[in-house]
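Trainee: Listed here are the chains, written in short residue letters.
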Amino acid sequence: MNRRAFVRASAGTALALYLGACGSSTSSSSGRPTLRLAGGSFGFPSPFSYIAGPGYVQMSYIYDTLLWKDSTGRMLPWLASRFRRSRDGLTYSFELRPGIQWHDGRPLTAEDVAFTFEYFARQPLGPLIVAQPFGVGTARARGPHKVEVELERPAVTFLDSVAGAVPIIPRHIWSSIDDAPSAQDPGVLVGSGPYRLESFSAGEGASLYTANESYFLGTPFVKRIELRPVDNELTALQAGEIDAADTPPEGVGEDTLASFRADSAFGVVQDAGSFTFPLIWNLQRGGALADVRFRRACALAIDRSAIVERLLGGNGEPGNPGFLPGESPFQVPVEQYSFDPAAASDLLDEAGYRRPEASAVRQGPEGEPLSFSLLTGNSPVPPVLDLLVESLQAVGVDLSPQAVDLPTLFGRLQEGTDEIVLSLYPGPGGTSPNADPDILRTFYSSKVEGRLQGAQGYVNHVFDRLAERQLVTQNEAARRRLTARLQELAARDLPVLPLYYPTLFNVFRREVFDRWYYTPGGFAGGLPGVFNKQVFVTGSKTGLTPRTA
Amino acid sequence: MTAPLLEVSDLSVRFGGDVDALRGVGFALDREESLAVVGESGAGKSTLAHCIVGLIQPPEAAGSVRLNGEELIGASAATLRSVRWRLVAIALQGAPFNPVVPVIDQVAEPLREHGGLSSSRARRRADDLARESLLDPALLRRFPHQLAGGERRKATLAMALALDPAVVILDEPAAGLDPATGRELLDRVHELRRARGFSLIAISHDLPAVARLCERTIVLYAGEVAEAGPTEHVIGRPAHPYTWALVNSYPVTSTTKDLRPIRGEPPDPRAVPSGCPFHPRCTQSETICRDRHPPLERSGGRLVACHFGGLKVLLSATLVHKAFHSGSRRLDALQAVSLTVREGESVGVVGPSGSGKTTLARVIAGDLSPDRGEVILEGERLARSWRRDARALSRRVQLVRQDPWDALSPRLTVAELVREPLDIAGAGDQQRRSAVRARLESVGLPGYGTFLEARVHELSGGQLQRIALARAIAARPKLLVADEPTSMLDASEQARLLVVLRELQVEMGLGLVLVSHDLALVRKVTDRIVVLDAGRVAEEGSSAAVSGRPRSLAARRLMEAARAFAVGDERGASERASGGGTN
Amino acid sequence: MSRARSPLFWSGATLVGTLALIAMLAPVLSPYDPRAVSGPSLVPPSGAHLLGTNDAGQDILSQLIWGARSSALVAVLAAGLAVAIGVFVGVGAGLARGWVDAVAMRVVDVFLAVPALPLLILVAALLGPSGPIAIAVIIGLAGWPAIARIVRSQALGVARRGYVDAARGFGAGRLYLVGRHLVPALGPLIAANFVYWAGTAVALQAGLAFLGLSDPTEVSWGSVLNRALSHPGVYFTSEWTWWVLPAGLAITLAVVGLAFLALALEPGSNPRLRRS
Ligand code: SF4
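Residue numbers (our numbering), protein chains in the order written: chain R, 7 to 555; chain U, 6 to 588; chain L, 54 to 329.
Worth double-checking, as some hints may not be accurate.
On the chain U side, residues computed to face chain L include the following (Cβ under 8 Å) [stated by the list, open to error]:
1) 267
2) 372
3) 376
4) 397
5) 403
6) 413
7) 426
8) 432
9) 480
10) 481
Since the hints were made in silico from the structure, they are not lab data.
Even glycine gets a Cβ: it sits at the ideal position worked out from N, Cα and C.
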């Protein structure tokens, strides 16, 4: 176990929440390849005990959902051949494909679907189980292949995060199991999905999935998916141990990619804006932190464009005070606080934070120094940290960084007592789970509780109200207007400053498999990365039909 | 009860108004008793004798001398005349003979004048007396200067016995005689006394001489009685520090130990020290000795004029038990061993290997705690503890260990080693330096130069032993316990160390416990010897007794080994050399 | 005390001495402020930057020079603390014997039973990122029990020596015995342990920093390595030759140098001292 592996283990499972992909690849020359991808310890792949996004991806090989996305970002009919939404947006009815069988040969029916929603509601599941039927009131079988689902309130995100994410489970297996998370016998892994689990070694993070020959869409194109533990995906790819590798979410410069780009054996796909480093001031701590002039001055003092150039050689986008990255179709122009240290100093002077002498730390009206602790993660420490500290030091603001592991970081974010936080956030654009503009509500609104990351101590009732309204507005144009307003408010009040959005890359061996794509808006409710099973099943970027060799 | 024959009380004599010859002396003498009066020259012995025969009268003399009930101090000339020669006769040391008159006429004079004998009868009687005093009567016809000193002494004796007095006073009876003659004369006095039944006062600084003659002894010091009592007590086991010193300064065959002079000078009778007159020379004096005059009090079967009843007990170990355990085995190293060491005393602890000698040494030095029994040093219980007073007490007893390599830190220089006790005691810098030099030189090592910088691994065993001794002495202990301290020294080095120890005893009243298996060595240095065998005391007694007439088997064995060496044969010498380091 | 010096000793002393000198002269030797952005990112070695710059444009040579200082500080503090506590407890127990000794050794046993490195990582992780002083304290606290145990057994032996009894006979108190006899007698042992723990401290500090468990802005060899190895580019370019390698080499040289010294100072290796 090297440093990286160790850090992952010690950081615990929470890390997995946003270390999206973990690799994939293919082999063989016949077009019916075996893909070797990076593995990892992400729990037992049952719908109730996988760990976070990467765990979900493995689980999704065994279990299917009602709907599923392909590279166009459109919802394809998967187990359901079609669906209908009621006018009020509260009822969805799904028509199941006929003749679908569970791995044990029993037929999949509407009873199973209804049972799934009802069973999930009974189980106490933590936030690591990313696909749960939140907001679903009741689900009823209306015939052998028809299911009706009623929502507690309208939600524009239902199709993405429930119908396209919640795995359907066989009633005949689970009805006799009370405590779902502890059912970890391979015998319970009876799904309807394209793959079966052939072997699994939890400790090593190695597993092997083989194709379900009697899959309802036909025999899957990729015959075997081999997950193997690796330290560094890119080096493992170069060494030929795996067939596709994700770059780390902190981003990479061209120095890293150059050798792959230069080699025609490798292909590269990229995804912008699916991660960001937000700088979060805790307004609750009062003093300068609650003073918007102070926060704006900080923003003016940080040269976000230079940071992207310096650290990533341009493979990223400078942070937008309105939170959404350029890729988001919802982004609107807002105040940018472009780099201007002189203006920052003037603003601070004006606000009464004076420097007793040049190059000293500024002091507030009561003589309290502008010294703050800065909480951040340590796996790894954000490369931007030194630059951030230096930028603020230049205008007389002193930061004492403290790097902690992820569980600690998240724990302290829940407590909400740290002064300033710099973290890595899986969003808000690209293929991330948070690409929907509803992210503005979940990240900033004071009404949202229990989020892992978000604004600290920011309370703006106007913002909160607009954010709630946006969630239930089915009219696209109206929703756009609302989210534009939210972005303006976020930039004006500036409780959070995204420093930059590193670009995510996937590098792959063309020869083995070359149809990789990033699903727009993410799959299964917004999972990032390229390991969408649609491409494994069909061997093509679109549609439902498996390619044959 | 009738009055004693002679009773002296509160007798003081002062000459010339400022010379105190006697101060408050008192004693009694009954018929047929004998009394020795001892002391250094100038102690007042002769003055006392002169007073008893009425030769010194007021105003010089004060107090009372009663002979047969008759007061002699201030008595009339007639009274004195009637008493002298008839009741009390003195044989003075400086011959009182008229040089131009034949001796016989002078011996006969008291017979004619006081005995009323005719001249011829007196001469015949004088001849008889001469014969009784072992003097050839023919010699009496000569003039005094024609006689040898011994012959004159015998003539004086004859004269003193002339009128058969009740009290005979002999002033230095054996002084100036060769040992054989002196001994013969004293024996004669003894016989005569038995035959005639007179009482005897023998005045002498010659302790052994008078000790043979008299049942009782009084010790005079600076005109006062320091100690008085039965001779076997006073001379045999002196109590007063002065008597102790006096006894030790005499060469006699009854002790095997070498001579030790008394420190200091006898007091000037014009300026007798205040308080106890002996205090300037006493090794155990304290403030009270200077301030208050000690009364003559009963102590241990005699009278002693000392605030402390005589010699202090430095160390007393009582019924000490000590066992060692190794695994399940138990070794009783000491069983009910008792040991006493008095001021200035040397005690030898001898015994074969494994007899518990070293254990005893360590116990009495406070190095080991006894399992049972107790060790009292100068009145305080000796215990190993970190308390300040216990640490101060432990400084008073020093153990010189058998193995100098173990006892001396390999990391310190010679100077640091010797200085260590002074460092710990917090002595001044100058004092430390001079002490280092003095102590090293006293044990025959250079006290300067590069030797001071040497370390243990550069020195020989003999040098180390001497350094160990030097530093033990540097601590200025009151009791020194030395465990085979000279085992690695050659004979001359050993002799030198023993001299150093003797000087220290005189100087500081140092108590010495010498632990060794070498009886020949021990008997040279010690007053008493304790023989240990298998952890018990096998025999204890004076050094002379134990080495001369050993009673225990262990002592006899040790003595045999020692004797073999004493005659110098090869076997004995090599035996001793090879046995040197073991115990 | 003169002592035959082995080649081991001299090579260790040279290494350690050089690094100590560098640590001491860091402000003079260092061409740049190690935290300042002093050039473009990731420039290879050049006249301006002898070891190039890292991804943030900081001068790597300056970071290594200041890292020596941080390592030296941790080494001295940690070893000093471990030795101070260890000698205090060990000598105290050896001198007191009895129940004090028994209790102290029981405590030592308990501490020894806990594996130090995982404990350290746990403590560092729980306490959050720690500066060099905190790390030194943690390492010092982890190191003392081993020292206490060996010091105690040696102290017991020394305390039985005649010269210690003799000093007690002169009325010496505990402080004197410890200062004059026990500590000098244990000197070589203490020196060897000091050096050993200094080496351990350097390695552990580097390890903790490498794992990202130390203060992220602290300039140390471990944090240079940590930053280097979390930069994906080092695996695919020559960056590792001037970023990873020198940092690793610095750690290796310091640890090896201290290990050599510790070995050379080990009392058992010197026959002259065996007798004492
Ligand atoms: S101890 Fe005192 S009283 Fe006794 S003899 Fe010595 S000086 Fe005199």
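Trainee: Compare the structure with each hint and give your call.
Mentor: Tested hints:
| no. | hint | result |
| --- | --- | --- |
| 1 | 267 | 30 Å, violated |
| 2 | 372 | 5 Å, holds |
| 3 | 376 | 17 Å, violated |
| 4 | 397 | 6 Å, holds |
| 5 | 403 | 6 Å, holds |
| 6 | 413 | 6 Å, holds |
| 7 | 426 | 4 Å, holds |
| 8 | 432 | 11 Å, violated |
| 9 | 480 | 5 Å, holds |
| 10 | 481 | 10 Å, violated |
In this structure, the hints that do not hold are numbers 1, 3, 8, 10, in rising order.
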